[in-house]
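> What follows is the residue order along each chain.
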Amino acid sequence: MTLFGRLTWDAIPFNQPIPLITSLVVLLALGGVAVWVTRMKAWPYLWNEYITSTDHKRIGIMYIVLALLMLVRGFADAIMMRAQQSLAIGASQGYLPPEHYNQIFSAHGTIMIFFVAMPFVIGFMNFVVPLQLGVRDVAFPTMNNVSFWLTSSGALLVNLSLFLGEFARTGWLGFPPLSEKAFSPGVGVDYYLVALQISGVGTVLTAVNFVTTILKTRAPGMSYLRMPVFCWTALASNLIMLAAFPVLTVVLGELMLDRYLGFHFFTNDGGGNSMLYMNLIWVWGHPEVYILVLPAFGIYSEVAATFSGKPLFGYRSMVFATLTICIISYMVWLHHFFTMGAGGDVNAVFGIASMIIGIPTGVKIYNWLFTMYGGRVRFTVPIYYLIGFMLTFVIGGLTGVLLAIPPVDFVVHNSLFLVAHFHQVIIGGVVFALMAGYTYWFPKAFGFTLDERLGKAVFWCWFIGFHLAFMPLYVLGFWGATRRMQHIPDPSWAPYLNVAFVGAVIIGLGIVLTVVQLLYSIKTRDQRRDITGDPWDGRTLEWLTLSPPPHYNFAVLPDVHGEEAYWTRKQTAIKMDQLIAEPDYKPIEMPLNTPTGIICAFFASVCGFAVIWYIWWLAVLGLIGAFAVFVWYAWQDEHEHIIPVEEVRANARERRRIRMEHLHELSQST
Amino acid sequence: MPATALAFLLSSCNRGILDPVGPVGAAEKQILINSTAIMLAIVIPTMIATVAIAFWFRRGNKKATYRPDWEYSGAIEMVVWAIPALTIMLLGGITWIGSHDLEPSKPLASKVAPLKVEVVSLDWKWLFIYPDQGIATVNQLVVPAGTPVSFRLTSATVWNSFFVPQMGTMIYTMPRMTTRLNLQADRTGSFNGLSSHFSGDGFPGMQFQVQSLPADQFAMWAQGARGQGPALDGRGYAELSKPSSYVKPMTYGAVAPGLFDAIVANKAPPNPVPPPEHNQPVLGSKA
Numbered sequence: 000m001t002l003f004g005r006l007t008w009d010a011i012p013f014n015q016p017i018p019l020i021t022s023l024v025v026l027l028a029l030g031g032v033a034v035w036v037t038r039m040k041a042w043p044y045l046w047n048e049y050i051t052s053t054d055h056k057r058i059g060i061m062y063i064v065l066a067l068l069m070l071v072r073g074f075a076d077a078i079m080m081r082a083q084q085s086l087a088i089g090a091s092q093g094y095l096p097p098e099h100y101n102q103i104f105s106a107h108g109t110i111m112i113f114f115v116a117m118p119f120v121i122g123f124m125n126f127v128v129p130l131q132l133g134v135r136d137v138a139f140p141t142m143n144n145v146s147f148w149l150t151s152s153g154a155l156l157v158n159l160s161l162f163l164g165e166f167a168r169t170g171w172l173g174f175p176p177l178s179e180k181a182f183s184p185g186v187g188v189d190y191y192l193v194a195l196q197i198s199g200v201g202t203v204l205t206a207v208n209f210v211t212t213i214l215k216t217r218a219p220g221m222s223y224l225r226m227p228v229f230c231w232t233a234l235a236s237n238l239i240m241l242a243a244f245p246v247l248t249v250v251l252g253e254l255m256l257d258r259y260l261g262f263h264f265f266t267n268d269g270g271g272n273s274m275l276y277m278n279l280i281w282v283w284g285h286p287e288v289y290i291l292v293l294p295a296f297g298i299y300s301e302v303a304a305t306f307s308g309k310p311l312f313g314y315r316s317m318v319f320a321t322l323t324i325c326i327i328s329y330m331v332w333l334h335h336f337f338t339m340g341a342g343g344d345v346n347a348v349f350g351i352a353s354m355i356i357g358i359p360t361g362v363k364i365y366n367w368l369f370t371m372y373g374g375r376v377r378f379t380v381p382i383y384y385l386i387g388f389m390l391t392f393v394i395g396g397l398t399g400v401l402l403a404i405p406p407v408d409f410v411v412h413n414s415l416f417l418v419a420h421f422h423q424v425i426i427g428g429v430v431f432a433l434m435a436g437y438t439y440w441f442p443k444a445f446g447f448t449l450d451e452r453l454g455k456a457v458f459w460c461w462f463i464g465f466h467l468a469f470m471p472l473y474v475l476g477f478w479g480a481t482r483r484m485q486h487i488p489d490p491s492w493a494p495y496l497n498v499a500f501v502g503a504v505i506i507g508l509g510i511v512l513t514v515v516q517l518l519y520s521i522k523t524r525d526q527r528r529d530i531t532g533d534p535w536d537g538r539t540l541e542w543l544t545l546s547p548p549p550h551y552n553f554a555v556l557p558d559v560h561g562e563e564a565y566w567t568r569k570q571t572a573i574k575m576d577q578l579i580a581e582p583d584y585k586p587i588e589m590p591l592n593t594p595t596g597i598i599c600a601f602f603a604s605v606c607g608f609a610v611i612w613y614i615w616w617l618a619v620l621g622l623i624g625a626f627a628v629f630v631w632y633a634w635q636d637e638h639e640h641i642i643p644v645e646e647v648r649a650n651a652r653e654r655r656r657i658r659m660e661h662l663h664e665l666s667q668s669t
Numbered sequence: 000m001p002a003t004a005l006a007f008l009l010s011s012c013n014r015g016i017l018d019p020v021g022p023v024g025a026a027e028k029q030i031l032i033n034s035t036a037i038m039l040a041i042v043i044p045t046m047i048a049t050v051a052i053a054f055w056f057r058r059g060n061k062k063a064t065y066r067p068d069w070e071y072s073g074a075i076e077m078v079v080w081a082i083p084a085l086t087i088m089l090l091g092g093i094t095w096i097g098s099h100d101l102e103p104s105k106p107l108a109s110k111v112a113p114l115k116v117e118v119v120s121l122d123w124k125w126l127f128i129y130p131d132q133g134i135a136t137v138n139q140l141v142v143p144a145g146t147p148v149s150f151r152l153t154s155a156t157v158w159n160s161f162f163v164p165q166m167g168t169m170i171y172t173m174p175r176m177t178t179r180l181n182l183q184a185d186r187t188g189s190f191n192g193l194s195s196h197f198s199g200d201g202f203p204g205m206q207f208q209v210q211s212l213p214a215d216q217f218a219m220w221a222q223g224a225r226g227q228g229p230a231l232d233g234r235g236y237a238e239l240s241k242p243s244s245y246v247k248p249m250t251y252g253a254v255a256p257g258l259f260d261a262i263v264a265n266k267a268p269p270n271p272v273p274p275p276e277h278n279q280p281v282l283g284s285k286a
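Those protein sequence lines, which keep their order, are chains H and G. For the first sequence, position 31 (counting from the first letter as 1) is numbered 30 according to numbering that gives the first Met the number 0, and the numbering increases by one without interruption. For the second sequence, position 47 (counting from the first letter as 1) is numbered 46 according to numbering that gives the first Met the number 0, and the numbering increases by one without interruption.
Don't read these hints as lab results, they were simulated from the structure. Computed from a predicted model, the values in this text were never measured in an experiment. Glycine is no exception: its CB is placed at the ideal position from the N, C-alpha and C atoms. There could be a bad hint or two in this list.
Which chain G residues face chain H? A few, computed with CB under 8 Å, are given here [as the list claims (entries may be wrong)]:
#, residue
1, S34
2, T35
3, K61
4, T64
5, T94
6, I170
7, Y171
8, T178
9, L193
10, S198
11, D200
12, Q206
13, Q208
Pulled out of the complex, with its shape left as it was, chain G reads as follows:
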């Protein structure tokens, strides 16, 4: 039984924020573990002392010295103020440095140019626009491994929060406002993403998948997606923004330029989608 419990606990460490796939998540996990360790160093002795003192000074214990008037000791007072104060000074330092290093809008240091992704939370699904690739996806975020991703985020409805636990930092998406976030996946694979700010009845269905592909495969995917499937123009966006939940992942082969900024400005999405560059097949009737 204890062995199963232990195995269970250990398996629980290979998940979510304890199993980061990129530099942001890894740094945050490190701060989490360091801070916990620092605090446990005083919390555990305090817990033991609580039980030990209460037990030793129980009324029935004849060996314990009763000091009915003992109510002050300057030395002890100094120590009990000093212990939490020193701990908080140490943690305060970690906080100051960590808050600046891991500020979500700060670009990640990398030799590779970041991929730009624009994120829009809708009722109740996620829209990911790739402005440089001219494509968009719903409830599926495809990123190249080892490449920083620079997100601009907003909401076309109420607040949500964009969160991929294994990549790190979450950030709010808010209507009429843009937030910025920089993340990176070093590992290839598939990771869960979700909204972590309650947004109404369809909220639990706002799950999405992050696909982290090798850089060349990502380029192939983007190339292949371009021009394929429906286009995200005014009509397509109007259709997409109708409330729906548990939406299956899908891809748009073209996106009206400036759509993200139009959503932030609360203006009607621009129309129509311009004809694609290069020799792509002409878009379907929706264009």
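The shape of chain H in the complex, shown without the other chains:
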């Protein structure tokens, strides 16, 4: 029976209760959501306003929803690993056999980086960048929708591996020769490769889109050195994506050629060289860290300025530091394998290059510090995250520089010290920023603020939970504990591992409270409406428009004078006690909705699934289908619709009326 390739009933894990029950629960939950949406008759709304939307704000929201869903999955993996390491000590083997545990840590890393951190960051760039640039959409709105759905297709395939077959057991980077067919004959590595290839296409398209948007479409007067720092960090991040993700595509493609067609790029025989994979994957992998952390720095910069009531200190210095990091991030990849034996000169050069990144990063820390200096710091949730980040990140930076010193790395490489380090910079750096951004921009997206008290509780859960979960791992790293251990040989490690487990539980509580905060805030939304569109006394252009903004963002594109476009405008208005003269409204041309993205991603998923299971006829059909969608889209003549001037004018006048009332309040208060 080759009709279904390798796919047989054996693929369903009937003998493994954990994935089986999880799959059933997920299927039931999905079914429940589908029934609920049907009963609410919300399908047309979802289809028109989200699924087929070309509105960058809606796409941004979908990215963040995807990221939050995947965060739950990735966290479930994390807590299972912590539980296993607390149980499987000495004589006990715990509750997870190696073949299951190894899938879990591989899935945890893959999901957290590719399907939590990336979509979260890209979601913010989608939502915020066009608003901050004072424009109506990204450069290629349909492509933006396609990018999102291709990313989701990758996430779908990774999660499908829970129910059908298995996931990779080779770690989140799938090092050969372990990931070669000779050592990993199952479908796990194929799931990993195919899912990342499909979502990788989405990511490259995103990078093309945002580099173009930032370089070519900005409001009149928005010169490069007037762009908000978040836009600068988004530009740097997308430039890195554009240069780094093709490397990932190539290296994963080479591994696929090895596995599917018997090539010998990285095999032990036939002239293959697995060191090549190590180099190429880290040529992507190290810049990837900066793809995530630079926009995070951008969020902190926005938050620091807004809630200190001051412009960002050393704006040009920040821009310069961002671009320095952007460039040097390509020149440090070798520090991931000092222990390969490349020699003293090579190791020293890459070690020092890695440390040099610490200079612009250190400058950023001081600039945030001096942004608060002389300010009136409002201790809102985002400021909690900013301060929590500054305290956590300097230690994470310290341990990072230690790892960049080859002779130190020789004794802590691959250890739990390393695990603690990268979680410290990714949780303390990236996740804290994402949570700050979530709180900061939520009212702009939905028109009401999130509950402050619950938000602070969530912060403390993350802050305390993180430290309990990872500080013990630094100590264990010094004792020689290495990563990815399904079984712990030394019983004296138990107390530290148990503390780490408690930390993970507290982080879990934080995730639960995030959901509670969201539901509670929705329930009490009428008391927390953001009428003015400017709930935080903001400084950048996204606060100029309504909350939530109309599809076209701005009735007329704002004229930008100076670095803080909206702040300057607001101060002038307060001083004059009047708004700028009403402009001449014109009809607005906006992109139409399109099902291109979801249909294309459907066929891509079918093709990917077929490739994983060697169902070649279906793979060909999927590929033809995906291509046909593009051809169909290319033949469409109508891509835009016109928003009549009456609608634009009515909306704009309403906004001006609200603004005017707000202005009187402001001028009376100062």
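Fit chain G to the known structure of chain H by using the hints.
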């Protein structure tokens, strides 16, 4: 309670890489401590300043001066670029010197001739071949204290990393390639060793013990092991390379010469084991 916590922390210093038993580990620990101290000298004031500035300039504090337009100071900019730059220059110097001094392939300075050991990672255990002694061990590395050990390492399967935390530097073992490493234990005793690069399902069982013996006892051990027990010839190696984990330590009394190079070349192990020199008992039927 604080006393227990302190005792716990202190006890944690007598372990792993913080309790080195040889010159390599000791030098690495020194660099670790020096670099940490240098960085803490700027990190701790920065952390204090963060909390202090945020607290002092809180909105409710009437005593703090609000400077809503203050956004640049050339002097401060110079200082904030200079502090991390100077720190990194200092650490960069340490890195340059340390990377060369502690380069794993560099022989250790010693009056004693080094012991040669060939290391092979298998699924999932460690094979240690003593080419000069004509013996081999599995999951047990016996070394003479105070003598440099010169390792050649490879893998007969996927990547692993050879690591004895208390001796220092780890290094990858990679199929079809040879890495070099030089370590020394000055203290006698028993130390844990492991693989520190994930290599598949049996990976956590790749633990081994290092026995550091006084030089004369090591010589006696090697002499005694020679000719005793099974021989590591083609058949023995084929048997050994079958996947297994948590393997108990064992010793081979004879080793096919050139076995390590044959593994690196991915060739069938040479056969058979030649008869032993001197008046050793003749090997068993396996030879």
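> Indicate, hint by hint, whether the structure satisfies it.
Evaluated hints:
1. S34: holds, 6 Å
2. T35: Holds. Min distance 7 Å.
3. K61: For G/K61, the interface hint is violated, since the closest Cβ of chain H sits about 11 Å away, which is over 8 Å.
4. T64: Holds. Min distance 6 Å.
5. T94: holds, 5 Å
6. I170: holds, 5 Å
7. Y171: holds, 5 Å
8. T178: At 4 Å from the nearest chain H Cβ, G/T178 passes the 8 Å test, so the hint holds.
9. L193: holds, 6 Å
10. S198: holds, 6 Å
11. D200: At about 4 Å, which falls below the 8 Å cut-off, the nearest Cβ of chain H leaves the hint on G/D200 intact, so it holds.
12. Q206: Where the cut-off is 8 Å and the nearest Cβ of chain H is about 5 Å from G/Q206, the hint holds.
13. Q208: For G/Q208, the interface hint is violated, since the closest Cβ of chain H sits about 11 Å away, which is over 8 Å.
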